[in-house]
Amino acid sequence: MNINLTLIGQSISFLFFVWFCHAFVWSAIRKAMDEREKQIADGLDAADRAGRDLELAQEKAAKQLREAKGEAATIIDAANKRASQIVEEAKDVARAEGERLKAAAEAQIEQDVNRAKEQLRSQVAKLALVGASKVLEASIDESVHKDMVDKLAASL
Amino acid sequence: MAAESQSTVGYIQHHLTNLTYGKLPAGYERLDDKGHVHEVLSQDTWTMAHSGAEASDMGFMAIHVDSMFWSIGLGFLFLLIFARIAKRAHSGVPRGAQNLVEMIIGFIDQTVKDGFHHKNAMIAPMALTIFMWIILMNTMDLVPVDWIPAFMGWVTGNSHFFFKVVPTTDPNVTLGMGFTVFGLMVYFTIAKKGFMGFVKELTLHPFHSPKWYVNILLVPINFALEAISWISKPISLGLRLFGNMYAGEMIFILIATMFGAGLVLGIFAGVLQWAWAVFHILVITLQAFVFMVLTIVYMATAHQIEEEDQFH
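Heads up: the protein sequence lines correspond to chains A and B, in order.
Quick note on this note's numbering: the first sequence kicks off at 321 and runs consecutively.
Quick note on this note's numbering: the second sequence kicks off at 765 and runs consecutively.
No lab work stands behind these hints, which were simulated from the structure alone.
These numbers come from a predicted model, not from an experiment.
For every residue, glycine included, the Cβ atom is placed at its ideal position computed from N, Cα and C.
Hints should not be assumed to be uniformly reliable.
What the hints assert, rightly or not - Covered stretches of chain B, going by a simulated chain A footprint (3 or more residues, C-beta under 8 Å):
no.: 1; region: 822-830
no.: 2; region: 848-859
no.: 3; region: 868-878
no.: 4; region: 881-892
Okay, chain B solo, but in the shape it has when bound (with noise of 0.2 Å):
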């Protein structure tokens, strides 16, 4: 399908590389097709990046437009049916989407019951939010890899128009979300315990000894471990949400590059990429789950209390 005009390497790096809206400083070298120095920058410039090179040369002061579009487009698709349905919702025999809508509900619900006994309105509609909407942002990694990208090349004229469908196959996404679990973690902690009782867990924990001054000696190796797994957990949240998608659109892509290769491994290719595809609802859904889960857990040890007890 793509072979014609690429060569495997580009069709896979093309397929990797997001469309990237950023800032190149000035006096960036700016290079055509061939490798050739095409324009160069006489001031800081925002602008969309033609190539992978000047994606990273853009280095933070960059946004990929279309993690963003996918991502914040089916993030709200999400909130606006379920909007729609909770607005007609009512207490009577509920039919169509409102069941199905109840069901994930109380699906979630019944979950965060099970992991989560403390009090705070906000941890279920979250739990909600990050499963829907994960889901449905791995849910982009059924459809098959060429046609937005192709439609996005025709619609613009440009058949080399970068443009990645699945936002949880970029890190900053899954990092994104594992990072604001982690500030809500840091929030609800000391909201729930204070600021000092936060420093307490970072320090007392888990060697503790009733001498203050084994303790001084206790807490710089008590800080190093806590901090270790305080910031291992939103990292470890994000990369594997990624790690899994990014593992399986890869697949979906090298499975693609068969396409081109002949009508018989074309035709083998759609097998492999139809088995793949059910398999890989299996991970859709798991790693929406997990990510949820997790979060759950990290939420509720936010707010216990009397783990803090032992200290006193």
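Looking at chain A on its own, in the form it has when it is part of the complex (with noise of 0.2 Å):
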């Protein structure tokens, strides 16, 4: 239990040991933890970041597809009107061309009736004078009686 040069040799050989510590260890240690944590701190900063990110995007989608799909029924919308419009008016115009040519047609029968009946009243005075010619033979004269012999074809 004698105190002596120990003493100093341990001083010595302690700052010694906190120069060499300091130097070689302390430092390169320290720098590597260090550059460690900040890539952990901007991994983790990055991932923050993403997850924004995503959520961000994910609103943006959601939105663009609450609004395509908006569009999309105003869309329907506007072409559900626009057939029915097209239907009326289809309707409409195949009602019109109906009437039309119904009423063609019923014109042209008319027309037809008409034309037969003049015939046919032509026919019937033509007959009618034959025959009332043939049985008076000479006591009527064509011209004469023409006038007679037409009101009683238009009574027909």
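Two chains, two separate frames, one set of hints: put the complex together.
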């Protein structure tokens, strides 16, 4: 338990070891640790940012989807309206065309009937005249009795 | 184990004597084992001490070869391992030894940050050195007390060869560190506050009066109190570590004396030694930690400037 030079020796070794530790151990390891800490912090930051970005993107996508749906609904609505409109128009046109065709047909029929009547009338007049002339022979002048015969035919 | 050739007292004394190399004065009478004068020195001689008495007669001009060997050897062991890992340290995923070293450094760094709020890049490496070095030196206590001395006795062919293996059971080692910390404290105080700042700290504290003539009376009292408070720091630092380790070592030696006393006592001693070693692990780490924390606290006090302002 003697106090001697060992004290000084230990003191010098201590200072040397502290210096050595500072120069060759502490800074290098601390540097590696700090770098890693920074990397981890950056990584976490990036992950955070990515998460926020993802959220934003999802929100944006949802919004676009909503808009697209709305637009599609409007378009379908418009299309439906337009379709029924077209159908209505087509119905109207068809109806008008039908009316027109019907009217034309009726007119045609009338005309034909009239023509037939006319022909028949003239035929009947002729036949009556022929018949009458046959019956009366010379007593009847065609030109004198023509009015009378026509009146007769017209009454048919 | 040892009781065949030595008495218990001799055995214990043998285990408590350092391997000492030092200067014996001219005219010194060297004794042999039986206490007879064996040689009278004609001049001052640097030599290995052959007994505890010779070691203490060497006075201050002597060095404990075993303490220095283990202390410096373990210091280099710690630094070379750490420096090797530091050289290959990278910021990627740490593996194996790097993990362990980073864990220790992280722990020390946190402790230093908690206790030391000033700018000084030397404090943290110093704390690491203190912690690891003292842990390694203390851990030598767990090596069974007879192994290394017996091995050295076998190597040198001298069964009385002194060889203490736990440097921290040598007060020179612990006080050497304590006084170095003290020196650094004084150095940093002067570097931070100037020489007058240091003097003021010693003389205007803790009692202070705004009237200068009262102060003159207070200065000697302050100086006495502060001197005691300052000098007690390195001594308590060194003696705390020394006392704890010396006591632990002493108990290991006492347990070891039982090994020679029959089978039953021998087995009992084996169990005791194991139990004490387990408990001692706590002391080993705790003392290293306490030494480190106190050093950090003392360094923080040395750097503290605000305290001075109240004296202006």
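A quick look at each hint next to the structure:
1. 822-830: Answer holds; 7 residues pass the 8 Å Cβ test.
2. 848-859: With 8 residues in contact (Cβ-Cβ under 8 Å with chain A), the coverage given for the region 848-859 of chain B holds.
3. 868-878: As far as the region 868-878 of chain B goes, the hint holds, because 3 residues have Cβ atoms under 8 Å from chain A.
4. 881-892: Answer holds; 6 residues pass the 8 Å Cβ test.
When the structure is compared with the earlier hints, no violation turns up for any of them.
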